[in-house]
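With this note's numbering applied, the sequence shown corresponds to residues 88 to 353, in that order.
Check the hints yourself; a few may be wrong.
Unchecked claim - Here are the in silico distance ranges between beta carbons for each label pair:
(1) G326 <-> N292: 28 to 34 Å
(2) V129 <-> K301: 25 to 31 Å
(3) A185 <-> N329: 33 to 39 Å
(4) L295 <-> M244: 56 to 62 Å
To be verified - Subject to a maximum C-alpha distance of 30 Å in a straight line, what follows is the list of computed DSBU-like cross-link-like pairs (lysine-lysine):
(5) K320 <-> K300
(6) K304 <-> K323
(7) K209 <-> K238
(8) K323 <-> K235
(9) K147 <-> K238
(10) K300 <-> K323
(11) K112 <-> K163
(12) K238 <-> K182
(13) K238 <-> K145
(14) K224 <-> K301
(15) K202 <-> K145
(16) K235 <-> K182
(17) K323 <-> K224
(18) K224 <-> K202
(19) K235 <-> K320
(20) K202 <-> K238
(21) K182 <-> K145
(22) K202 <-> K112
(23) K323 <-> K182
(24) K182 <-> K224
(25) K163 <-> K147
(26) K112 <-> K182
(27) K235 <-> K304
(28) K202 <-> K182
(29) K238 <-> K224
(30) K182 <-> K209
(31) K163 <-> K209
Derived by calculation from the structure, the hints in this document are not laboratory data. Nothing here was measured: the structure is a model prediction, and the numbers come from that model. Cβ coordinates follow ideal geometry from the N, Cα and C atoms, glycine included.
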Amino acid sequence: LFGEQDSRFQRGLSGKIETSTFVEKAVNGTLYLEEVETLSAVAQSLLLELIENFEAAKLKNPKARPNLPRIMASSKNDLFEAVLSGSFSEQLFFKLSASTIAIPSLSERGDDILKIADSMLKNMNRLRSYDVGYSEKHFSPAALSFIKNKKWRGNLMELDATVRRAALSAQRDTITEQDIFDASIILPEKHESAGATLNMELGENFDLEAEMKKLAKHYLERAMEQSGGNRAKASKLVGISNYQTFTNWLERYVKSPNKDSQAGSK
């Protein structure tokens, strides 16, 4: 990102360029930093110094060249929380947050996710168009419904990887709901360890029924998420063979259960 220590970008505007860095290549343009929260403390310090040096130089001479690249940064996590936890520089946070945009996750994008998935599949078709044995693929209506209802915790990268796997493994030109389900990788959940759940302190304030309800709600919601809202598939994930029994459990333990495409999925 910054190159060697004698780069002019660590010393302001003077000096000879000894190396070509990403920062230098972005002069008079835009430098995009993806997952900026992963920058080390040293890299954060250098980036802050870079910005401050150029700002100071510009104040002294507005016509000075080159110009500092326009810096755009994105983060998967809440940067303000990172500042509070001490893992991200408070000074750098305020330098970068002059203008902020909150981009909703795929699960919050509604029908946009269908357009994105379709674009990904078209790209895949173009990339594989000359591969022996590959034929152009398209989604079935049920597959699109699955894509829309599934919670994509890995966002674009998870969706793109799933679309690619489904396109390569589908036996026919039409990618089915089952193809998408089989191509999905179940990401591990972040939840309390079994030890914490099973070794809670007993006493007068312990509520066994409440704890059992929380456990049932947790696994029912995970099953619905992993199945893309398909109750028939979700019931199998938790070992409930009877569809109506699973529906009753949802109504009992999960508030406002998702309205999934039950028809034709049993």
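Exercise. Which numbered hints does this structure break?
Worked result: Hints 2, 3, 4, 9, 12, 13, 14, 15, 16, 22, 23, 24, 25, 28 and 30 contradicted; others consistent.
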